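Just need the whole structure built from these sequences, with the hints factored in.
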Amino acid sequence: MSKRYWLMKSEPAAYGWDRLARDGGTVWDGVRNHTAKLNLQAMKVGDQAFFYHSVTGKEIVGVVEITRAGMADPKDDTGIWAAVEIKPVRTLERPVTLAEIKADPALKDIELVRQSRLSVAEIRPKEWDRILSMAKA
DNA sequence: GCCAACGTTGGC
DNA sequence: GCCAACGTTGGC
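With my numbering, letter number 130 in the first sequence gets 163, and the count goes up by one each step, no holes.
Because the hints were derived from the structure by calculation, they are not lab data. It is possible that part of the hints are untrue.
Stated by the list, open to error - Cβ pair distances, simulated, as ranges:
1) Gly112 x Asp162: 34 to 40 Å
2) Gly57 x Pro107: 15 to 21 Å
3) Arg65 x Thr89: 19 to 25 Å
4) Gln74 x Lys120: 18 to 24 Å
5) Lys135 x Ile113: 30 to 36 Å
6) Thr89 x Gln148: 17 to 23 Å
Note that the structure is a prediction, hence the values are computed from the model and not measured. Using N, Cα and C, we set each Cβ at its ideal position, and we do this for glycine too.
Here's what the structure looks like:
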């Protein structure tokens, strides 16, 4: 199966990009939404994801890679919820803001905008490439 | 099983 | 601080 792309949201006040870069990787747990859980469970080792700062910033700041997939959420006693392990791959040369994404017709169907509350979303390969090219501009 | 009420998230 | 979107809960 070919590589898929994702987007993971975090409030910088709770766990930001700087923290992830300093930690060198982390277990992505605590997700309590079923759609997001399905996305976590669909992830494979080697898949990549954008790291998005919600609330403060509202921008994509970096790229992460899934280093461990199909985990149970270690903080969950019920066995319902899922987790993955991620590591930072690189910081974007320039963050891509939500405003820019919304303004771009090529990204009008992106899940980040269509379902703004979803904390773990899939990114289509075309959208992935588009956002990467915006980060270089 | 339906739906109104309520809680939470996150953008504005 | 407000509100829209969505999920969950509880009465019927």
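Structure-based check of all given hints:
Taking the beta carbon of each, Gly112 and Asp162 are about 37 Å apart, inside 34 to 40 Å as hinted. For Gly57 and Pro107, the hinted distance range of 15 to 21 Å is satisfied, since their beta carbons lie about 18 Å from each other. The beta-carbon spacing between Arg65 and Thr89, approximately 21 Å, falls within the hinted interval of 19 to 25 Å. Gln74 and Lys120 have their C-beta atoms about 19 Å apart, which keeps the hinted 18 to 24 Å range intact.
For the pair Lys135 and Ile113, the supplied restraint of 30 to 36 Å holds, since their beta-carbon distance comes to about 33 Å. For Thr89 and Gln148, the Cβ-Cβ distance of about 21 Å falls inside the hinted range of 17 to 23 Å, so the restraint holds.
Taken one by one, the earlier hints all hold for this structure without exception.
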